[in-house]
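Going down the list, the sequences are from chains A and B.
The first sequence runs 1 to 107 under this note's numbering.
The second sequence runs 108 to 688 under this note's numbering.
If you're looking for bench data, these hints aren't it; they were derived computationally from the structure.
It is possible that part of the hints are untrue.
In silico EDC-like links for lysine to aspartate or glutamate, alpha-carbon gap of 20 Å or less [unchecked claim]:
id, chain 1, residue 1, chain 2, residue 2
1, A, Lys48, A, Asp69
2, A, Lys99, B, Asp240
3, A, Lys99, B, Glu222
4, A, Lys40, B, Glu424
5, B, Lys206, A, Glu17
6, B, Lys184, A, Glu68
7, A, Lys79, B, Asp240
8, B, Lys206, B, Asp240
9, A, Lys99, B, Asp445
One-sided excerpt, in silico: chain A residues whose CB lies under 7 Å from chain B [as the list claims (entries may be wrong)]:
id, residue
10, Asn31
11, Pro62
12, Arg96
Note that CB positions come from ideal geometry on N, CA and C, so glycine has one too.
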Amino acid sequence: MAEDGVFDIYDKDTGAEPYVLRLFITGASPNSIRAVENTKAICEEYLKGRYQLEIIDIHQQPQLAEGEDVIAVPLMIKKSPYPERRMIGDMSDTERVLKGLGLTNNS
Amino acid sequence: MSKSQIKKAPVLYGTLPKALTGITGLDEITEGGLPLGRPTLICGEAGCGKTLMSLEFIVRGAVQYNEPGVFVAFEEKSDELAMNVASLGFDLKKLQEQKKLKIDHVHIDRSEIEETGEYDLEGLFIRLGYAIDSIGAKRVVLDTLENLFSGLNNQAVLRMELRRLFGWLKEKGVTAIITGERGEGNSLTRQGLEEYVSDCVILLDNRVVNQITTRRLRVIKYRGTVHGTNEYPFLIDEDGISVLPVTSLKMANTVSTERVSTGVKGLDDMLGGLGLYRGGSVLVSGTAGTGKTSLAASFANESCNRKEKCVYFAMEESPSQIIRNMRSIGIDLQKHIDKGLLIFNASRPNLYGLEMHLVAMHKCIRKYKPSVVVIDPITNFINIGSVSEVKNMLVRMIDFLQEEGISVMFTALSLNTVVSEQTDEGVSSLVDAWILVRDIEFNGERNRGLYVMKSRGMKHSNQVREFVITNTGLNLIDVYLGPDGILTGSAREQQVLLEQTGEAIRSNALNRKDREIIRKRTVLEAKIASLHTEFESVEEELNKVYLEEELKKHILDKNRAEVTRLRRGETAEKPKTSNKK
Numbered sequence: 001m002a003e004d005g006v007f008d009i010y011d012k013d014t015g016a017e018p019y020v021l022r023l024f025i026t027g028a029s030p031n032s033i034r035a036v037e038n039t040k041a042i043c044e045e046y047l048k049g050r051y052q053l054e055i056i057d058i059h060q061q062p063q064l065a066e067g068e069d070v071i072a073v074p075l076m077i078k079k080s081p082y083p084e085r086r087m088i089g090d091m092s093d094t095e096r097v098l099k100g101l102g103l104t105n106n107s
Numbered sequence: 108m109s110k111s112q113i114k115k116a117p118v119l120y121g122t123l124p125k126a127l128t129g130i131t132g133l134d135e136i137t138e139g140g141l142p143l144g145r146p147t148l149i150c151g152e153a154g155c156g157k158t159l160m161s162l163e164f165i166v167r168g169a170v171q172y173n174e175p176g177v178f179v180a181f182e183e184k185s186d187e188l189a190m191n192v193a194s195l196g197f198d199l200k201k202l203q204e205q206k207k208l209k210i211d212h213v214h215i216d217r218s219e220i221e222e223t224g225e226y227d228l229e230g231l232f233i234r235l236g237y238a239i240d241s242i243g244a245k246r247v248v249l250d251t252l253e254n255l256f257s258g259l260n261n262q263a264v265l266r267m268e269l270r271r272l273f274g275w276l277k278e279k280g281v282t283a284i285i286t287g288e289r290g291e292g293n294s295l296t297r298q299g300l301e302e303y304v305s306d307c308v309i310l311l312d313n314r315v316v317n318q319i320t321t322r323r324l325r326v327i328k329y330r331g332t333v334h335g336t337n338e339y340p341f342l343i344d345e346d347g348i349s350v351l352p353v354t355s356l357k358m359a360n361t362v363s364t365e366r367v368s369t370g371v372k373g374l375d376d377m378l379g380g381l382g383l384y385r386g387g388s389v390l391v392s393g394t395a396g397t398g399k400t401s402l403a404a405s406f407a408n409e410s411c412n413r414k415e416k417c418v419y420f421a422m423e424e425s426p427s428q429i430i431r432n433m434r435s436i437g438i439d440l441q442k443h444i445d446k447g448l449l450i451f452n453a454s455r456p457n458l459y460g461l462e463m464h465l466v467a468m469h470k471c472i473r474k475y476k477p478s479v480v481v482i483d484p485i486t487n488f489i490n491i492g493s494v495s496e497v498k499n500m501l502v503r504m505i506d507f508l509q510e511e512g513i514s515v516m517f518t519a520l521s522l523n524t525v526v527s528e529q530t531d532e533g534v535s536s537l538v539d540a541w542i543l544v545r546d547i548e549f550n551g552e553r554n555r556g557l558y559v560m561k562s563r564g565m566k567h568s569n570q571v572r573e574f575v576i577t578n579t580g581l582n583l584i585d586v587y588l589g590p591d592g593i594l595t596g597s598a599r600e601q602q603v604l605l606e607q608t609g610e611a612i613r614s615n616a617l618n619r620k621d622r623e624i625i626r627k628r629t630v631l632e633a634k635i636a637s638l639h640t641e642f643e644s645v646e647e648e649l650n651k652v653y654l655e656e657e658l659k660k661h662i663l664d665k666n667r668a669e670v671t672r673l674r675r676g677e678t679a680e681k682p683k684t685s686n687k688k
């Protein structure tokens, strides 16, 4: 319930800007699989209907790795809303993911 | 230079294949470059040239050996890098356009990153792999991996991933350079990891001695090959990095038996009448104002007169000053400069370190290819380095010049307090010939005495000559060895005058005696003549008596015969006779 309140305030400030997330993974490595699962779970729980998640396999699209300055994977970049944030790891630490997403203000 | 070496490398069967760096001198120290297809660590403190050396490796690889390279910059941005090396004549933008070079800037900002669990550096691998494949790179530089450690927290993962990275680079078959900052204490890198997984470790060092910086390089390890183990000074100038191997240890230079004149007739005479060997080195030492520069200028002048090029490194006076001063002794250097035969290269010793001087001279000599080099004087080098360093530098200088067959003349100021057998640079043992100009103080004046202290491989005079600087050039005069010892200058002149006077007096006396003799002879001859006359008259007198006697006898005989005949009653036949009687 508290989260809803947060979103309401947030919505007013940002004009209901959706979360644009990019998740860079490397094929079917264990870290990547866990990261995809964890990310999806977190998004569904906290950002339901208000996010756009793009999953990129840099094995397939290595040229994107340079553009987004990917070093450590899995990497999730929060493109929007501002500020841009980067999260690395398998997203198993939900606290930190939320912090990275800027969702920990009132929780 | 390099093409032959490229071809040569694979011929050495069984040895480690190497990739030429193209960096002056480094390929000689490593005997052919860095290990081909393996990672090399370049470590050192901040500002010692790690990035530049690695970048030069990439650029030279791309330009000279047609081996494209990837430069992964963790510190500087691509533009910054391009700007930093533009002064060295490396056009990174153009190389990137030509697909010979790829610069990948990796930016890691801890504050932007949230670590949310397990991760690895596969992204870097993929990125690097993509960069390598996109241009077919053979060379890779990672500058500097430490930034990964400052950007990411999980050290265990990083260490593991770095190990994997080295293995992966080997697998890729790229010749890689990894730069690393020097760690605390004696460790080569902060992580203490890279030096173990690299096949070759090069340590760069930047030391300040007497306010002058010298960069040095040392190959700490190089698996599977011999390499130079010493510290080699290197420097960064407008042509990039130059490493100088201290000396070629072979000492296998060919030598010339040709002789060149020193420009001073008397000195040539002292050196067996022919002068110095071509390609030899000669040291002129002496106290202040003994004419060392004049000798050097004369040597330079002589070589220019032979239409040979000469480079004159002026360390104390400006070229125009030397030209003016030499004009006063009848040596016109300006005309040689105008013809391009004489090149002045003036710099204060304190301007930069010994190594820089050495390289500057190297470059200048390589550029102009002279047959004679003058360094005037070497004394001030002592201000910027210890005796052994200066000596070391001069050894390399002489070595290099000998290799090129260039004659060199050094001048050195020796202090009065220093024993004449030893110059303060300690170079007298290195040179082929050593000429000492010394003040001889006598009779209230100072004069210059010149000695040939040594001259390898030729007969040379062991005498002191007086060294005279006149309006028309330099001259050597035999000193006067008199009962009072060695006489020089006005004392010698006086002695000469004295001798001339004596000569005159003596010859005068001689003349008088001669005349006396002539006179005596005249007198005697006159006497002889008169005696002769006397003798003649006496003789005549005697002759007369004798004739009369004869006649008398004859007449007597005749008379007796007449008388006898008359007694017999015969008439006189010859009345004439009787008449006479």
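Hints versus structure:
no.	hint	verdict
1	A:Lys48 with A:Asp69	violated (28 Å)
2	A:Lys99 with B:Asp240	violated (38 Å)
3	A:Lys99 with B:Glu222	holds (10 Å)
4	A:Lys40 with B:Glu424	violated (79 Å)
5	B:Lys206 with A:Glu17	violated (41 Å)
6	B:Lys184 with A:Glu68	holds (15 Å)
7	A:Lys79 with B:Asp240	violated (29 Å)
8	B:Lys206 with B:Asp240	holds (11 Å)
9	A:Lys99 with B:Asp445	violated (77 Å)
10	Asn31	holds (5 Å)
11	Pro62	holds (3 Å)
12	Arg96	holds (5 Å)
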